[in-house]
Structures are given as C-alpha cells and as structure tokens.
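Enquirer: Protein chains in written order, with the working numbering: chain A, 1 to 219; chain B, 220 to 605.
Think of the hints as simulated: they come from the structure by calculation, not from any bench. Just so it is clear, CB atoms sit at the ideal spot from N, CA and C, and this is done for glycine as well. One thing to keep in mind: the hints can contain errors.
Unchecked claim - Cβ pair distances, simulated, as ranges: (1) A:E209 <-> B:L587: 46 to 54 Å; (2) B:C576 <-> A:D63: 31 to 39 Å; (3) A:A68 <-> B:G485: 44 to 52 Å; (4) B:W568 <-> A:M61: 24 to 32 Å; (5) A:S132 <-> B:D509: 20 to 28 Å.
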Amino acid sequence: MSGQTVTPALRGIDLEINQGELFMLVGPSGCGKTTLISILAGILLQDTGTCTVLGQNFKEMKDSARTAFRGATLGFVFQAYNLIPTLTAVENVSIPLLLLGTPRAEAEARAAAVLAKVGLAGRERSRPAQLSGGQQQRVAIARALVHNPQVIVCDEPTSALDKDAGHNVMELFREVAMDDNRTLVIVTHDNRIFQFADRIAVMSDGKIEQITSDVTNLH
Amino acid sequence: MHIAIKMLVGNRGKYFGMVFGVFLSAMIITQQSSIFTGLISRTFGFLTDTTYPDIWVMDPMVQYVDDFKPMTDTKLLQVRGIDGVASAVPLYKGVLRARLEDGSFQQTNVIGLDDASLTGGPPVMLAGSVADLRKSDGIIVDEAGNNKRFAKKNPIPGGPKIPLAIGDTLEINDKRGVVVGIARVQRTFQTNPVIYTTYSRAMSFAPKERKLLTYILVKVHPGTAIETVATRITKLTGLQALTNAQFSDSTVTYFLKNTGIPINFGIAVILGLIIGTAICGQTFYGFTLDNVRYFGALKAMGASNVVLLKMIFLQALLVGLIGYGSGTGVASLFYFLSKNSELAFRLPWQILAITGCAVTFTCLIAALLSMLKVIFLEPAIVFKGE
Chain A
1 MSGQTVTPAL RGIDLEINQG ELFMLVGPSG CGKTTLISIL AGILLQDTGT CTVLGQNFKE
61 MKDSARTAFR GATLGFVFQA YNLIPTLTAV ENVSIPLLLL GTPRAEAEAR AAAVLAKVGL
121 AGRERSRPAQ LSGGQQQRVA IARALVHNPQ VIVCDEPTSA LDKDAGHNVM ELFREVAMDD
181 NRTLVIVTHD NRIFQFADRI AVMSDGKIEQ ITSDVTNLH
Chain B
220 MHIAIKMLVG NRGKYFGMVF GVFLSAMIIT QQSSIFTGLI SRTFGFLTDT TYPDIWVMDP
280 MVQYVDDFKP MTDTKLLQVR GIDGVASAVP LYKGVLRARL EDGSFQQTNV IGLDDASLTG
340 GPPVMLAGSV ADLRKSDGII VDEAGNNKRF AKKNPIPGGP KIPLAIGDTL EINDKRGVVV
400 GIARVQRTFQ TNPVIYTTYS RAMSFAPKER KLLTYILVKV HPGTAIETVA TRITKLTGLQ
460 ALTNAQFSDS TVTYFLKNTG IPINFGIAVI LGLIIGTAIC GQTFYGFTLD NVRYFGALKA
520 MGASNVVLLK MIFLQALLVG LIGYGSGTGV ASLFYFLSKN SELAFRLPWQ ILAITGCAVT
580 FTCLIAALLS MLKVIFLEPA IVFKGE
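With these hints in hand, go ahead and build the complete structure from the sequences.
Expert: Structure representation (structure tokens):
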C-alpha cells in the first residue's frame with residue numbers, strides 16, 4: 001500500500017426506487033450522486049453490496065450482457081447533452097435504436113416522431129450547434145425516449161437552462177417521459193425543479209441523509 | 220457505421236489532416252520507391268533489351284553487366300564445342316569515345332554484334348534495320364542519345380539541336396561510322412548513348428588489346444535444361460555462365476551492395492512512412508480524444524467495445540483508403556507525365572502493394588492508439604460534465 005487513505009464514495013446506501021416514479025437525488029458536489037447513478041445505470045460496479053434494476057443484478061452479469069441490458073432498458077440525459085456535433089438532431093436521436101439493430105430508415109422515422117413529440121418538428125436536420133440550449137436538451141430527452149426504455153437516468157437536466165426553460169423541460173418529462181409507467185431518476189442541484197419529484201433523496205458525504213416526498217420538508 | 224463516417228467527415232479540418240498524412244506518406248513511398256526501381260532496372264537495361272541468349276558466358280570475375288573483363292576469342296570456340304550448346308556468338312561491349320561533327324567528344328557504349336547473325340541487336344528499330352549494319356561502316360545509334368548527346372548544332376543561332384539522320388557520320392577512335400539506323404533501347408544507368416555495330420567493326424573501333432571478347436551469347440538445344448548447360452560451361456571452361464535472370468540479379472546485387480542508392484532511397488521511404496505515421500497517428504488520436512466523451516456516451520447508451528472498435532477501424536480504413544488512393548494516384552500521374560522523359564521512374568504493381576502495406580501499418584498504428592483509449596474508456600466520464 002502507498003499509505004494513502006481509501007475513502008468510500010458511498011456508504012450504507014439502502015434505496016428502493018419504484019416503477020413509474022420520478023425520483024430525484026440531490027446534495028452538494030462530491031456527495032456521491034454521480035457515483036450512485038453510475039451504479040444504478042450499470043456503468044460502474046459497486047465494490048460491495050447489491051444493485052438490482054428490473055430484477056437484474058448488475059454484478060452477476062457479464063460486461064457484454066450489462067451493456068446490452070443498458071442499451072435496451074435505460075435511457076440517458078447527460079448534463080452536457082453529449083449530442084454528437086456532426087450529426088443532425090434526427091441522427092442523434094436515432095442512435096439508441098441503431099445500437100439495438102434497428103434499420104436506419106426505420107430508426108430515423110421513429111426518431112423524427114419523438115422529436116415532434118418533444119416540440120422539435122421541423123428541426124430534424126438541424127445540427128446541435130444550430131439549436132438553442134433548451135432545444136438541445138429536448139433532443140437529448142428525445143434520444144433518451146426513442147427506444148422506449150423502462151428507466152431514464154438524467155444528470156443535471158436543467159443546470160444549463162433558465163427557470164422557464166427548466167420548468168418546460170420538467171413538464172415535458174412529466175408529459176412524455178412518464179408514459180408507460182416509466183421510472184425517472186434525476187440527479188440535480190436545481191431546487192427550482194424539486195416540486196416535480198415524487199420523492200427526493202438528499203445525499204451528503206456518500207450517504208443518504210433523508211428521503212422525502214414533501215419538498216417543504218427538505219433540510 | 221453511418222455514425223462513424225459522419226463523425227469522421229463532419230470535422231473537416233481533422234479529417235483532411237488525417238487524409239493528408241496518409242496521402243503524403245503514400246505519395247512519398249510510391250514516388251521514391253518507383254524512382255529507386257527505375258534507377259535499379261536501368262542497371263540491367265541492356266539485359267532487358269537482349270533477350271536472345273539463354274546463357275551469358277563471361278569472365279568469372281565479372282560482377283555486373285558493365286564490368287568489362289574481356290576474354291580471348293578462343294573461349295568462343297571452346298563454348299561452341301560443349302554438349303547442349305546450339306549456338307554461341309560473340310558480343311563486344313565497351314565504353315569508347317565518339318568524336319562528333321563539331322569536334323567534341325562523347326563517351327558512348329559500343330555494342331558489337333556477331334557479324335554473321337547480328338544476334339543481340341536493339342529491340343526496337345525506329346529507322347533503318349539491324350541488317351543495315353552490314354553496310355560499309357554501318358552503326359545504329361539509340362534514339363535518346365541521338366536526340367541529345369549526338370545531336371548536331373543548329374546552324375540557326377539559338378535553334379534546337381538536330382539529331383543525326385541516316386547517312387550522318389561519327390568518328391570512333393579515328394574510324395568512321397555511318398549512321399544506318401536509329402533504335403529505341405532501355406536507358407542505361409550511366410546515361411551514355413548507345414552505338415550498335417558489328418563485332419568485327421567494334422574490334423576496329425576499340426583500342427588494341429589482346430582480349431576483346433566481352434560476352435558469349437549461348438542458345439541451348441531445345442529441350443535441354445539451361446541450368447545444366449550453364450553448369451557444364453563453367454565446369455569445362457572455367458568461365459562464368461549465367462541465365463538472363465541470374466545476370467540481372469547479380470547486376471542489381473552489385474549496385475545495391477556497392478552504391479549508396481538503396482540507403483538514400485531507403486531513407487526517403489522511411490521518412491515518408493515516419494512523417495505519414497506521425498501526422499496521421501497524431502491527428503487520428505487527437506480526433507479520438509476530441510470525441511472521447513461521445514464515445515463514452517455511446518458506451519453508456521449500450522454500444523459495446525466491439526461496436527466502438529468497429530467504428531474506429533472503419534474511420535481508419537476510410538482515411539487509409541482515401542489517402543492511399545490519392546497518394547498513389549498523384550504518384551501514378553507523375554509516372555504518366557514522366558513516361559517519355561529521362562527520369563528513371565518505374566511503377567510495378569509490387570510498389571503499390573508495398574505502399575498499401577505501409578499505409579495499412581500507418582493507419583493500424585493510428586487506430587490502435589485510439590482503440591486503446593476507447594477500450595479503457597470509463598463510460599462514467601459522461602456524468603462528469605464538460
């Protein structure tokens with residue numbers, strides 16, 4: 001050993017998220033939110049304990065099976081959107097379908113339909129640089145929805161948006177993303193959107209300090 | 220795969236940078252290798268022109284085609300008497316000085332053909348015929364030499380030089396030579412003009428020496444193994460007996476071993492490879508680094524390592540193919556344009572294959588560096604923001 005102290009990123013986490021729930025993880029920077037959603041999304045494996053998503057224990061799955069499971073059942077909305085700048089909106093949105101083996105024409109048709117659903121009809125051929133921040137976020141949401149995943153993981157979806165745009169995005173999540181009993185896990189700092197959550201978990205120093213469904217009860 | 224291509228070509232600056240790296244590499248390797256091959260093939264150009272003999276017989280110390288170590292004429296009779304030899308004719312080859320009409324001198328390769336058969340004559344006659352050598356003082360001059368080195372001054376000041384025509388004369392060692400034909404021959408390594416004449420006339424041109432027979436050209440009986448007869452000639456006469464291919468090989472080997480040609484061209488080819496690999500590798504790796512968070516996002520969204528590696532491989536393949544095509548295309552254009560010039564440029568398919576291998580190597584190195592980055596990419600990077 002080099003003599004450095006090993007600090008666990010997460011400690012004593014005991015959390016159950018229900019199907020059809022809009023669940024928010026909040027807390028200060030460095031409290032372990034990103035680590036926790038990485039584990040929930042099967043991107044990172046925990047050192048100890050168990051994480052089960054839709055009945056699948058990620059730690060017992062092979063890397064390839066976990067990747068395939070993630071592709072089929074999870075949707076992602078990243079903080080920086082991570083839209084590929086050289087692709088058009090419809091091409092960006094069609095990526096999850098293409099990764100699942102859907103033929104390109106069909107994937108783009110379905111992507112265009114989802115873009116229309118999020119209010120971007122007519123902007124299918126626009127590149128990310130030609131869209132506003134709010135529109136880019138809508139493209140990212142459409143990309144997370146296009147393959148009908150059962151769980152959507154969002155990382156700071158409103159951090160780059162003003163209050164109104166942030167509210168619009170959350171309303172969109174409520175309208176579109178929560179269809180079909182879908183589960184939404186949102187990591188956020190943004191207390192302007194707490195009101196949209198069914199439940200909120202407050203994290204601090206790698207632990208969940210509080211879980212509440214009452215925004216006014218947060219401390 | 221569509222995404223991979225759009226990711227690649229969408230960033231025009233990087234894309235053209237990568238293609239340019241491979242283009243430069245392919246062009247330098249093809250061009251330098253072609254000039255190298257052209258120069259080397261000129262070393263045995265005379266052997267390429269003289270396809271008649273099955274076996275070249277010469278002094279055992281001869282190392283290459285212009286390494287003149289003459290033999291006595293009696294060796295010809297010895298060779299003719301060997302079992303399996305259908306015919307054996309003498310051939311003189313030497314470098315003599317020709318005096319031109321204006322009084323200047325020009326070093327020239329003189330080839331003396333067997334008087335009776337005129338075996339070993341030039342492959343392509345542009346004017347006159349090989350048989351015209353039987354005319355008094357007849358000589359045949361080569362086209363390239365005639366157009367430049369042997370050409371006469373134009374009586375009009377500043378006018379282009381005038382090539383010799385049939386009937387014009389040259390002086391070789393104070394002996395008169397009358398042009399009876401113009402031939403097209405392979406360029407020689409020394410770039411001297413070439414004069415064909417009869418063996419006996421060449422003897423009169425050459426300074427008096429006890430030995431003047433340079434080569435004996437042997438044709439073997441049909442159905443007889445050439446190698447067997449060559450071995451027999453060496454065993455019975457002590458002379459060196461080589462097939463055309465063996466003589467060409469020994470000539471090339473001599474030049475490769477005893478001149479700086481391979482080193483000079485080798486350095487240029489290696490430089491091309493290094494420059495191409497460096498530009499392409501660095502740009503391709505930079506391109507991957509720029510896209511690493513998108514690869515991370517793709518990985519998070521369910522793209523397996525195999526899919527991502529296929530994407531990078533396809534991108535490298537595309538860059539390689541376009542760079543290779545344009546690089547070898549420009550080199551081929553250069554070859555086409557220089558076809559009738561004095562430039563030694565030879566572009567056999569093997570050079571294109573070698574360049575293809577070098578470009579594949581360049582792209583593989585570039586792709587490998589990028590692949591390592593992507594394989595060990597932690598997809599959680601996508602949750603870390605910008």
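Enquirer: All hints are to be evaluated individually against the structure, with a verdict given for each.
Expert: Hint-by-hint comparison with the structure:
| no. | hint | in the structure |
| --- | --- | --- |
| 1 | A:E209 <-> B:L587: 46 to 54 Å | 47 Å, holds |
| 2 | B:C576 <-> A:D63: 31 to 39 Å | 34 Å, holds |
| 3 | A:A68 <-> B:G485: 44 to 52 Å | 50 Å, holds |
| 4 | B:W568 <-> A:M61: 24 to 32 Å | 51 Å, violated |
| 5 | A:S132 <-> B:D509: 20 to 28 Å | 23 Å, holds |
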